[in-house]
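A.B. asks: So the chains spell out like this:
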Amino acid sequence: MLRCFDLKTGATTIVAATFLSVTQIAAMPFNEVKEFDFDGNGYIAKGPESRALQDEFTRLNGQQQSRFGRFLDGSSEKLELSELDFSDLYAELAQSCQIRKRFYLAESLAGVSLVHPDIITLSDKGALFSLNYDNANDETNWAAKGVLVYAPAANRCLHVDSPEPLDGVTLTGYAVAPYLSFDGVGSSSGDEPSDLRFGALVDLQFFGGVFDLQQLQFSPFYRTDFEGEAEIYGASLRWTPYKFVSRLNGLQGDAGHNGVDYRLSADIEYLSVSEGGLSGLPSGTEYGWVGVQAGIGYSPKQLEGTRFDVNIDAAYDLLNDSDAVLYDAGVTIPIGEGQTAAFDLRYTYGTTRSDSTTQDGLSANFRIRF
Amino acid sequence: MHQRSYQEVRDWLFARLHRTSGKHVAYNHKVSTHIGKGATTLFAYLNVLNEVPEFERDGLTLVPGNVLTSFNVEQLLGAIFDDYKSRGWTIYYA
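Chains L and F supply the protein sequences, listed in that same order. Mapping to the working numbering: the first sequence position 334 is 334, numbers consecutive. Going from the second sequence to the working numbering is simple: count from 1 and add 370.
If we strip away everything but chain F, and leave its shape as in the complex, we get (with noise of 0.2 Å):
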């Protein structure tokens, strides 16, 4: 069974945005203030996500639909989580 720990993901998530925006990255930023405004930069961002050689190693599908343009960096998260959990992977909490 494939797993990955909650830390794992989150603390990936956070040094892409970071390396985006250089700002530091919290729970309740929304995520157009480390990316951009609009949803064609969020949709693009997503592939860039996709593409994070971590996530792309387990597979990360984020398609535009996943997420909303209001989404904070926690949201974000959560969408991953429920991408990993669409395609049969266990998140726990270490």
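Chain L extracted, bound-state conformation (with noise of 0.2 Å):
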């Protein structure tokens, strides 16, 4: 149905009758929008310009809509016109789907989200810088564990323009990165293992079904160590998902939750050593490990911020028959605003799967990510 407006008193009249239903007409154009401000002062006055408008609310925009809805709703009198200009919102939806935040720099590549870069959660820590100095044995000794990661090509918005409706787990999102990863520990005294890595990453990004989303990393790699000795080659494929009402994996949840919220993820992970180098790993030898890593925290509501965790690192490697379990609790607290920095107490038992092996001691480490 079409409509004419008397410009000056702003009745409307019905003057023709279409076959199109309004869903197929597309939405106004913000210049039909400025047809109805009747007298030109740059505003939709109450009265016969918002009546006018609301007899075509039907062709506005969803955001015009919710505006012009709040407006009316509202005590307000008079809403300007280039408040129902959406067209700079419009615009920067499009441009989120690429992305904008080019370097990562992180604890692990288990901490780092291509396809969501401002990723804040309460399990997710920065790239640990550590120096400490042993009085009585006159020993400097000192550690490091990040991930740098460039990524060049994303994409976010998979089914933004479909109207077609979900059908379960969907992929919404991919991005492919080089990485470079290090974590090791040294001494004055001499060399320890280490694991420095080259690598490329692709993110997928998968919405809906069980878990409202899910993240899968697949990473094939070169592996050596700090002094470049290791020779090592290999791929790594992780899964981590979400679900908001459970606090999986750093989410907030409903109001009323106990505190309590969980971690997990689960990884397969080939190596081949051809040179074990500092890596720990003998030469010659193939790994084909299957791992979880779960954890429970919580967090009281009277230490804002702060959170006490167990955590649980379990894998089996098909290859060899082995398994390597390690645990940790300890509690973070965060350091400022933002939750940049952070204090971290730790307590680790059990053996890791990188270079075998056996940890029993207690840590306290300062955290910074950006």
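A portion of the hints provided could be inaccurate.
One-sided excerpt, in silico: chain F residues whose CB lies under 7 Å from chain L [said to hold, decoys possible]:
(1) Gly392
(2) Thr411
(3) Phe441
(4) Glu444
Simulated from the structure, these hints should not be mistaken for lab results. All of these numbers come straight from a predicted model, not from anything done at the bench. All residues carry an ideal CB built from backbone N, CA and C; glycine is no exception.
Mind docking these for me? Both chains are given alone in their own frames, and the hints should help you get the complex.
C.D. replies: Rendered as structure tokens:
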């Protein structure tokens, strides 16, 4: 149905009928919205102007409907016309499909999400740099663990323009990026095992289904050590699910939760060791790890931001019939605003899968990320 | 023709946000005020909204890319209207 407006009175007259449904008509261009400012003062005023535009409510785009409906509900007597121009917002939405931040630094690949680059989770940690001096043995020790990722290609909006309903779990985003990761300790008395990797990360985002959101990361890599002696080839696959109401992997959950949150991820890793070097792995060996990482945390309401947690990293080597189980428990206390720095006190016990060393110790760490 | 009133959709959204935060919900509140910060949180919450019984019955299909982490409640409501309209529904003001 088409309508004609008297620009002086705002009266609406039906002048013709068409066979087009309202939904088949494109959203009203902003220039046409301006025509409802009958007196040309730059505002839609309550009265004839607002009533005329309300008659065409179904033709406004979603953002205009939301803003204009808020105006109709409210006590304000006039709405500035420019507030109904959402061209910049829709342009920003389109741009958000591309990754704007190119470099990422985090503790491990498990803490990096290219598809959701501004991820902030309770369980997320920044890269670790630690230095300490042992007076008793006159020895200096250091530790470093982190990953630097460069993200050149990504799309986070694969299903945006499709009106079709989601059919269960749906691929809604991807990213491909090279990375450099480092993990090692050292001392003034000699070399220690270390892990230096160059790889590529393929990051896939799945939406809907049992979990609200799932992330699948595939990464082929070349691994050496800090001295460049090791020569190891491998690939890994990591799965991380998110469920809002269950507070899974850092999500807030609904009000009234009891402060408990959960962590869960799983991974598969294949390694072929040509030269062991300082990796802690013997030359000429192969590994095929299947692992699960799970944890439970508790954040008391009285201690805002502080989180106590216990975690287990359990892995089984299918090729060598061996296992590695590492437990840790600790408390993370945020420092300052923005959760970019934190003090972390942690007890670790068990066997690491990366170099099969046994750990049984307490550590105090300062963590920072950007 | 499928149609839904502005007020119905708004009330369903406000009720779900209130259930999440326990706070009074207003148009100008940042969505993150109610659900927490971060894109992962927001994207996961879109599935929570899609599964609100009334929205699920209407076939709401919000996906990452329909929203920005900077959105306020009014803009999230606008994104829901856009989704309804993209599927052929009419949103009217009652």
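A.B. asks: Each hint: holds or not?
C.D. replies: Hints, one by one, checked against the model:
1. Restraint check, F/Gly392 versus chain L: the minimum CB separation of about 3 Å is within 7 Å; hint holds.
2. Here the hint on F/Thr411 is kept, as its CB sits about 6 Å from the closest CB of chain L, short of 7 Å.
3. Evaluation of the F/Phe441 hint against chain L yields a violated restraint, the C-beta minimum of about 9 Å exceeding 7 Å.
4. A cut of 7 Å between beta carbons decides the hint on F/Glu444: the least distance to chain L is about 5 Å, and the hint holds.
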